[in-house]
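> Listed below, chain by chain, are the residues.
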Amino acid sequence: MALSLSRSLSNPARRRLRTLGFLSPWLVGFSVFFAYPLIATVYFSFMHYNQIKEPTFVGLRNWTYVFDQMPLFGPALWNTLWLVVIMVAVRVVFGLSLGLLITKIKTGAGFFRTAFYLPYLAPPVAATVAFVFLLNPGTGPVNEMLGAIGISGPNWFNDPDTAKPSLVLLSLWGIGDLMVIFMAALLDVPKEQYEAAELDGAGAWARFRYVTWPSITPIVMFAVVTGVVQTMQYYTQALVAGKVASGVNIGPGSVIQPGYPEHSTLTVPQLVYSMGFQNFNTGAACVLSLVLFAIAMAVTTLLMRKRSGLLAAED
Amino acid sequence: MTTTTLRAPAAPERTAPLRGPAAARARRKRILHWIAVHSVALAVALLFVLPFVFVFLTSVMSDSQAMSGELWPDSWNWSNYKTVFDTPGFLEWWRNSLLYAGLGTLLTVCSAIPVAYALAKFRFRGRRTAMLLVISTMMLPPQVIVIPMYLVWAQQLHLSGTLWPLIIPMAFGDAYSIFLLRQFLLTIPKEYIESAKVDGCGEFRTLVKIVVPMAKPGIAAIALFQFFYCWNDYFGPQIYAAQNPGAWTLSYGLESFKSAHSVNWNLTMAATLLVMAPVILVFFFAQKAFVEGVTLTGVKG
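Same order as they appear, the protein sequences are chains A and B.
First residue of the first sequence: 1, per UniProt numbering; consecutive thereafter.
First residue of the second sequence: 1, per UniProt numbering; consecutive thereafter.
If you're looking for bench data, these hints aren't it; they were derived computationally from the structure.
Even glycine gets a Cβ: it sits at the ideal position worked out from N, Cα and C.
You may find that some hints are simply not true.
Here's a subset of chain B near chain A, in silico, CB distances under 7 Å, partners left out [said to hold, decoys possible]: (1) 67; (2) 91; (3) 203.
With the rest of the complex left out, here is chain A (with noise of 0.2 Å):
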C-alpha cells in the first residue's frame, strides 16, 4: 500500500517521504523525550508545584530561592565545578600518558591493552563500592599495604578534604576509553614525521612537542569537552561512594543529607533529585536543571565552534 502510493508520487516528493520515514524514530524520540521536557522543565521553573496540587505561577521566586537562599546550591555548584576541572585536566594527561606508554609496547601488548582498560568495563556502582572498601580507612586492604611501610594513610572517602580526590582516583581507575582514543590518535601520527625528526636531532620532548602534539591536539580538544559534559552530569559515583563510606544503613525512602562527609561530595545533579524527589519542590529542581543545561550547552557550542572532528566529513 505504502509502496504504491509512494510510486504515485513525483520524485522530490517521493524522496522527502522517504527521508521523513527513515528519520521517524528520531523524530518522535526527539520531540517527545527531548523538546517536549525541556520546554516543560522551562515552565516548572516559574511554577510553584510540590507534585500533589495543581501548580501556581510564582514568577522568578523559585530563581531567586536557588541563587539567594539555597544552602546547597553553593557546595554543590563548587564541587562540580572543582570535579570538571581537576577531574578532567588530570584524567587527560593520565590517559595521554597512557596512550603513549601503549604505544611504546612491544611484547604483550595485548595483556597489557585488556589490563588497562578493564576496569572502565566496571560498572560505576560496583566499582564505587569496591573502592570505597579499598580505601576503607581501618579496614581497608589499601591503608593496611600503607601501614605496612610504614605511611598512615589518609581517611579516603571519609574525610572532606579527601573525599573529591578519591573520586578522582575512582575515575582514573576507569581510563580505558580516553587510553584507546589517544592509542589510535598516535597510531595515527606519519612514522615518516618522526623519522625526519629524528634525522633532524630532535629529543624525544621536541619530537612530542613538535610532531606529535600538533597532530593529536584535536583528539585532546575532544577529550577535554566529551569530559567537561561527562563531569557536569557526574552523579552515580559520588552519590554512592558518599552513602556507602557514611556507613548508615539506608533504605528506599529515607532522606540522608547528600554528600557525605559535609557535603564535600554533593554535586548539581545529585541537588536536581534531591529537590525533585525527596523534597518535592519541582520548581527549585527545574530552576537547577536548567542551570546544568546553560553550562552544557556552552561547552557544545565551544565543542562546534572548535570543530574538534565531530561534524568533519560531512560531504
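Add chain B to chain A, keeping to what the hints say.
Coordinates of chain B only, in the frame set by chain A:
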C-alpha cells in the same frame, strides 16, 4: 601542519650488521629502553588489576576476616556466593537487569539503523541541523529533562515502579547510538549502495540487504555500548523503580545490598563481583567491537 614532511632515507644502520663498540652501545641502549618501558607498564598494569584481585580475595573471606584489612583469605568460603544468590531479591534484580539491557539494546539497534542511514547517506535540506540536534541531545545531562518526564510516566501513564519508562524511549532512537552508527556508515563506499539501486533495490531493501551486513561491526559496537549503558544505569532505575524493590536492577540493588549487610564486606564484594562479571565476560568475547566503537567516537569523524 607545522613540520614539513621530509622523505626520510631508509635507515641504513638498522639493516646493516652491527659491529664495533658504537653498535654495542646502541644495542645496550635499546635493551635498557625496552626494560624501562615494560617495567613501568607492568607496575601500572598491576595497579589496575589489583582492585579486582582484592575484591575477589575479600569475597571468599569469613565475615570477621573481611573487616581486618588482611589481604589473603585464611579459608576459602565459596558459600558466600550462595549466600548472595539466596538473598531475597537478588535473582529478581538479575532478571530485571537482563530485561532492561536486552530489550533496551534490541529497540535501540532497530531504531538507530534507519536514522543513522538517512543521516549518513541521504541528501536533504536540514541534515546538518539534524546532526547538530542529535549531538545536542547527546550532550544533554539526563537530569535536565527528568522531572517533566517523570511526571508524565508517573501521573499520566501510571508506569512508575516499573522499568518501562526506561525501555520504551529506546524504540525512538538513542542519540549516541545514532551518532556512532552514522560515523560508521560514512565509511561505506557509495558505490555499493548505488549498484544495489541499479539492480532495482528500493531504499529499504538496500538498507537490509546491503548496508546492514556491511555495517555489522558498527552495529555490534552500538549494541554493546547500549547493553552496558543499561546494565550500568543507576539514575534511571532510581527515578522509576525505587519505590518497588521488585523492579530494581543489579546496579541499583547493589548499594541497598550493602546497607542491608552493613558489616559484611565479604558478601558485598561477592555481590560486586557478580555485578561486574557479565560485563567482563562479554568483553572477552567482543573485544574488537568495543575498541572499534571507542575509537570511532573519538578519532574518525
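> Take the hints in turn and mark each one as holding or not.
Okay, the hints, checked on the actual structure:
Interface hint at residue 67 (chain B): satisfied, since its Cβ lies 5 Å from the closest Cβ of chain A, which is below the 7 Å cut-off. Among the interface hints, the one on residue 91 (chain B) is violated; its C-beta lies about 18 Å from the nearest C-beta in chain A, farther than the 7 Å criterion. With a least beta-carbon distance of about 6 Å to chain A, the hint placing residue 203 (chain B) at the interface is held under the 7 Å criterion.
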